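Now that you have both chains on their own, put them together as the hints suggest.
For the record, the sequence lines run as chains X and L. Heads up, the numbering used here is the position in the first sequence plus 389, with the first residue counted as 1. Heads up, the numbering used here is the position in the second sequence plus 16, with the first residue counted as 1.
The set of hints was computed from the structure by calculation and includes no laboratory data. A hint or two may mislead.
Unchecked claim - Only pairs whose alpha carbons sit at most 27 Å apart, straight line, appear in this in silico DSS-like list of lysine-lysine:
#	chain 1	residue 1	chain 2	residue 2
1	L	K364	L	K509
2	X	K464	L	K443
3	L	K443	X	K500
4	X	K464	L	K250
5	L	K411	L	K461
6	X	K494	L	K514
7	X	K408	L	K197
8	L	K209	L	K245
9	X	K494	L	K208
10	L	K238	L	K209
11	L	K443	L	K411
12	L	K443	L	K514
13	L	K208	X	K434
14	L	K364	L	K514
15	L	K208	X	K500
16	L	K44	L	K364
17	L	K209	X	K434
No experiment lies behind these values; they were computed from the predicted model shown.
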Amino acid sequence: MAVQVLIVDDALFMRSTIKDILQEDGRFAVVGEAEDGLQAVEQYKELRPDLVTMDIVMPNLDGIEATQRIVDFDKEATVVMCSALGQEALVMESIAVGAKDFIVKPFSSEKVIEVLEGVLDQQGQDG
Amino acid sequence: MVKMEKYMQLFLDEGRDHLESMMATLAKLEDDLSNRQHVDELFRNAHSIKGMASSMGYEPIQQLSHRIEDAFGIIRAGDAQVEQGFLHLVYEGVDLLSTMFDEIDAGGSITIAPETLIGQLREFAAAIGDTEEEAGEDHGDKEKEPREAPPMDATKEEPSDTQVTDGRLFDVEVLIASEAKLPAARGLLIHKKLEACGQIEESIPTLAEIKDRDFSDKLSMKVRSVLSKEQLLKQLDNIAEIESISIVPQDALAKQEEADSAATIRVKTGSLDTFLNLVSEQILTYNRLHEYLQDFSERSTLKALKRLKFLIDEMHEQLMRIRLLPFTYISNRLARTVRETARSCGKKVFLDISGEGVRVDRLILEQLVDPLNHILRNSIDHGIEDPAERQEQNKPEEGLIRITIRRRGESVQIVIRDDGSGMDVEKIRRRAIDLGFTSPEEAEKLTEEEVLMLVTVPGFSTAEKISAISGRGVGMDVVRTNIESLGGHLDLKSGLGKGTRIELNIPLSVAIANVFLARIAGDVFAVPVRSVERNVEMTSSDLSFSNGVPFFSYQGSQIEVRDVYQLLTGEKRSDGPNPFHVLVYNDGGRSVGFQIDEVLSRKDIVIKKLGHPLEQLLSFSGATILGDGVIALILDLENLSH
Chain X
390 MAVQVLIVDD
400 ALFMRSTIKD
410 ILQEDGRFAV
420 VGEAEDGLQA
430 VEQYKELRPD
440 LVTMDIVMPN
450 LDGIEATQRI
460 VDFDKEATVV
470 MCSALGQEAL
480 VMESIAVGAK
490 DFIVKPFSSE
500 KVIEVLEGVL
510 DQQGQDG
Chain L
17 MVKMEKYMQL
27 FLDEGRDHLE
37 SMMATLAKLE
47 DDLSNRQHVD
57 ELFRNAHSIK
67 GMASSMGYEP
77 IQQLSHRIED
87 AFGIIRAGDA
97 QVEQGFLHLV
107 YEGVDLLSTM
117 FDEIDAGGSI
127 TIAPETLIGQ
137 LREFAAAIGD
147 TEEEAGEDHG
157 DKEKEPREAP
167 PMDATKEEPS
177 DTQVTDGRLF
187 DVEVLIASEA
197 KLPAARGLLI
207 HKKLEACGQI
217 EESIPTLAEI
227 KDRDFSDKLS
237 MKVRSVLSKE
247 QLLKQLDNIA
257 EIESISIVPQ
267 DALAKQEEAD
277 SAATIRVKTG
287 SLDTFLNLVS
297 EQILTYNRLH
307 EYLQDFSERS
317 TLKALKRLKF
327 LIDEMHEQLM
337 RIRLLPFTYI
347 SNRLARTVRE
357 TARSCGKKVF
367 LDISGEGVRV
377 DRLILEQLVD
387 PLNHILRNSI
397 DHGIEDPAER
407 QEQNKPEEGL
417 IRITIRRRGE
427 SVQIVIRDDG
437 SGMDVEKIRR
447 RAIDLGFTSP
457 EEAEKLTEEE
467 VLMLVTVPGF
477 STAEKISAIS
487 GRGVGMDVVR
497 TNIESLGGHL
507 DLKSGLGKGT
517 RIELNIPLSV
527 AIANVFLARI
537 AGDVFAVPVR
547 SVERNVEMTS
557 SDLSFSNGVP
567 FFSYQGSQIE
577 VRDVYQLLTG
587 EKRSDGPNPF
597 HVLVYNDGGR
607 SVGFQIDEVL
617 SRKDIVIKKL
627 GHPLEQLLSF
637 SGATILGDGV
647 IALILDLENL
657 SH
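This is chain L alone, in the form it adopts within the complex (with noise of 0.2 Å):
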């Protein structure tokens, strides 16, 4: 018997693969009820996680994806519909399965008992067909070891005698390297370690005539495992001195597994960043190169200069591509949330979104799902109003949400739209002045946006109660902070009647950052571009002071300057030039001036983390090496304002 444990992260991962397609599917056929397609996938992927659950022994993961599983094999095998009912079933399902896997995750025992949701599908099953009751499973067997039934498909080959078969039938060759010195000792190991998976059923050369040395150097197996191909495969990976290995799943199943997965490999996301990380050197040992090579003027080398500039910009493409990810790929949690929220509220929504092929660094996009969901949320809460009202206002009952994803250069701009009732300026203008927040004056000078941003400054919240959908604590302030740790920038439009806009910038990725180069006495700073409004040259007599602080004019009010020597030294300035530059910086509300020596220049850098502890530096974002390779610290400008 295998020990199962050491398999954990894999179950956990793939697992969740399939919980995923599940969600995306079971969307695909609510819009599509007849989809004989997507029927089939569903069954499988509840398949593979029965599958993978019993082999780690988790029953309440096994049962209910067994319910699943056989409602699918019924429906898949005869003519019976799928309807509504079932498919909220089915969602109900795939969420508590979710949280299964997530409380495995960390670290604890699973608490959930789906026994009522178990009734049901059963229930529902049995209405429908017949269905296929599996010795001991629905007993509460506490048994280790996995009892599989063999996958409902009529034309699978299986021998039909009832001896205990565990698992699937695989196909494995293993080519052993030539130059191996010791090939039989190799493929001893080899068959050592797959018999530890499951049963061996046939092999040649046999055990036997590879311990007698009578072989050369290719294992053809097959093996009965219980474990999936990758699994395997993994058991395999890291021995030494083997050539090639091919591992062929026996079973119809297979043919559509093998089919899906023919054109992709799974690859370590730390794999690419390292590989990327790569590139991002090339980059920079090309600019440095370029420098050097400057004053060449021999046409051959700038030509291959500028070949090679051709294919590491290629490269760097390509490689980004990868982990870029369409904005689907969080569509499907997006559209849930509305789902549910919108059935919690009794309001009918409607999601649209279109642009979902632009592609995001994956990374961010997974930061994005909470504003996202966030967002939903309130204005399924708060904007859509309930079908009554709508027909009321002669609006259609069921209320649009409209999200908008486009590129712009080198960002992407998700808007998100609604139909309701719209914001009340009004009324947030006077609680920001009930709040404190600022004082009847100035508040009458805000303009609309200006106001409708106070919404996400921590503390605020127009609902009267905070409702149990979204207003648990999470607000605005949070979403807007979430975004713009990504780099990103909100903004919010809204009117009584109106219905609600708001719109997110983020940039693509981050490894990239258009900078200026700004030097302070003697060092070189990189400030990124998109936290400059300006900059301007000035001396001295165009500074005024109050206080002792320094202000300058800037498109009619005061910005106050501050020295960036003196914020990072803590030393005031004797020997500054004059005149100097001022840049400025305005983080959506107020305006600061940051005072530096000169902008040197303007380009394209690669941001390198500064890692531990040099990371707790606020007043930095990162560093990157410059072409005369000295090494420029990014200034932070929103951290210096504060």
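Same shape as in the complex, but just chain X (with noise of 0.2 Å):
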């Protein structure tokens, strides 16, 4: 069964590109897309996705704050943060509140992939 996946940025270039990823790979379904750290949260607890890719710099509700809400809803919620360099400070902020792992821009596939299946790896020992 397909791996579900909210997509998490303000950006639809970036939102593509992480979507593209996804699909090729094929063991990934992308269930939903946000654009800001609201409606991450709101999606989350709609659509309760497996995984969480999502942007730290966001308008309305930063990617930090919404994964905060997110883990705060579920515990077992897996969020990988998105991250620039330059923001590693912000990163370490996101894995304070819970995040699980993150990629940085720009993506190369197989670093996602590698990311996301650890996460995954991960999620199946714990689940």
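Here it is, written out as structure tokens:
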């Protein structure tokens, strides 16, 4: 069964890139897309995806806050941060609030899949 | 506190490994009561099980294993002697532990309350020395927080203050991949992961430094955890961008473990299978390549091909060896069955196994355990006489069962022989007539071997009453089916006063088979050579008919001929070739001839399982891909003969 993913990023470009990487791999199904932290939390509650890719800097509610709320809502939530170089401190903050892992832009499909696989394996152990 | 449910599978696997090891060591200890190494090993195994059980919150397992650990600990530390009586208790304990693991595995909770045994073990320990009572443990405290006393080892350098020290200390070193873009964030993830596994007593760089991004690529930590090294490794294994992980336990127990595990790694059987499949594909691809390049007379090409074949074969052989386990792997279970059955029957039996070094595919080995156990139980229950009777017959009081394992080409031959009373051939013959399995006239014609094989027919049992030991409804018929489902074959030889000899012949592995390629109406099928007794070429004039059924004369009898085309399609064939071929199949009882067009060749092929839903087709036992890419289904003559 395909892994259900919620993609959160305010840029359509970024959402498309990740979406393409995931769909090309074949094991993932993108079940939702959110443009900011508020939508992210809403959609998470509605869709309960297996995985969330979360941009950090977004309008209305940033990725760190959104991650916090999602993890508070569901402590098993698997959120993977999407960050740019130079945002290390923010990534670390995200980890502190419950993000399970992170990927760095610009994305390479191999790296993205590697991280997601690792996170899913971990999920498999925890679940 | 760590959530422990996630470690269930690892708990079950490792726990059982430890129990397995204990069984083996107990057997050795029995033969060598003063062996300190065995005592050590048993102590460690019990200790490990106790630790895991306490983390998982399984009190009965924790308590029982603690008692065993305790007793061995005292023996280890002083000069108390190991006695048979004590070993008997430990055997019982290991059995109970095993059952408890089974109960947990079955999804339930533990129903066994081994109070008596725990009491006995405690008494034993008290008798030989001072036992170490652990706070709260033996009073049924439902403490979820793991409380583990430091292992009893005089050379340990633990802080002697009484702070709650849960678990063992590990030196963990993680090297982050050089291309990691945010190494400090990686480091933080790892730190966090390990924090969830126990207590971090030291960290270089420190958490604050990591958060400050004062981090290059290496993280060194001292972690105290109740988890095992493997469990810790598993926690870190999935994190990306890690170059290397080193986890070194820091106590005396650890040194031993390191030494033991140094030369081995744990690999999922599934991964091995994948690997094997890949190599099998390589062989097929090589064959295809070889066929294409046949016409090249260029020496260097052919030489390179030859080298390639050699390398692939080597790889395949090595891989097969990994799946191959020596027979020793199951010897302990067999020995245990003999011991228990002998005890229950009040008989004395000595089990001698030779040829244990022969290696067999692990799957086959596992599946041999049940039939072998049954054969052994039968032998002791019905074959071996009780000591008094044996003495009267001038036989040694102790009955002898000898298992010999020998490799014969592509098969392994296992012979089980006992010096018991043997089977009464005439009694069996009479019973077969009584049961209506055969008519008196036919029964007379049966050879001794054939009569003996009658005991493998379902519903047959010459025991006056169903004995509690071996007559539990699992008869020799099931044993035979088990062996045959492995592609093997069973032979019985016995006589009154001569003991019984059972011979099993099993193919070493099931991946490759030697087959005839048979053509039927333009399609190619594979027929395992071991199913075929003879390939006979004939014409239609060689057939005689009885009630419309074709027969032909073979080795003095009339053998029924079945047209495979008709069997598979349901239609009678009008344009079949003449002459044609008949493959004679013999299932150990009767012979049947299968009509095909012709035999094309004989070769080794790789068996591929059909998978769902095709596996439900009984006529085929698998498929193979031929050198030219054509798929040939493998005919299951046994099923087709019914």
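Structure-based check of each hint:
For a cut-off of 27 Å, the pair hint linking K364/L to K509/L stands: about 23 Å separates their Cα positions. Distance check on the hinted pair: K464/X and K443/L sit about 71 Å apart at the alpha-carbon level, beyond 27 Å; violated. Using a Cα cut-off of 27 Å, the hinted pair K443/L and K500/X is violated, with the two alpha carbons roughly 74 Å apart. For the proposed pair K464/X and K250/L, the alpha carbon gap of about 21 Å is at most 27 Å, so the pair holds.
Simply put, K411/L and K461/L have alpha-carbon atoms about 34 Å apart, too far for the 27 Å limit, and the pair is violated. With a CA separation close to 80 Å, the supplied pair K494/X and K514/L exceeds the 27 Å bound. Between K408/X and K197/L the alpha-carbon distance is near 22 Å, which keeps this suggested pair within the 27 Å criterion. Using a Cα cut-off of 27 Å, the hinted pair K209/L and K245/L holds, with the two alpha carbons roughly 14 Å apart.
Taken as a hint, the K494/X and K208/L pair is honoured in the structure, with Cα atoms around 23 Å apart against an allowance of 27 Å. Taken as a hint, the K238/L and K209/L pair is honoured in the structure, with Cα atoms around 13 Å apart against an allowance of 27 Å. Proximity of K443/L to K411/L is assessed by CA-CA distance (about 24 Å); at most 27 Å being required, the pair is judged to hold. This hinted pair checks out: K443/L and K514/L have alpha carbons roughly 15 Å apart, not beyond 27 Å.
For a cut-off of 27 Å, the pair hint linking K208/L to K434/X stands: about 26 Å separates their Cα positions. Note on K364/L and K514/L: the hinted pairing holds, with a Cα-Cα distance of about 18 Å set against a maximum of 27 Å. Distance restraint check for K208/L and K500/X: the Cα-Cα separation of roughly 21 Å lies within the 27 Å cut-off, and the hinted pair is therefore satisfied. With a C-alpha separation of about 19 Å, the suggested pair K44/L and K364/L falls inside the 27 Å cut-off, and the hint holds.
Proximity of K209/L to K434/X is assessed by CA-CA distance (about 26 Å); at most 27 Å being required, the pair is judged to hold.
Hint violations for this structure: numbers 2, 3, 5, 6, all remaining hints satisfied.
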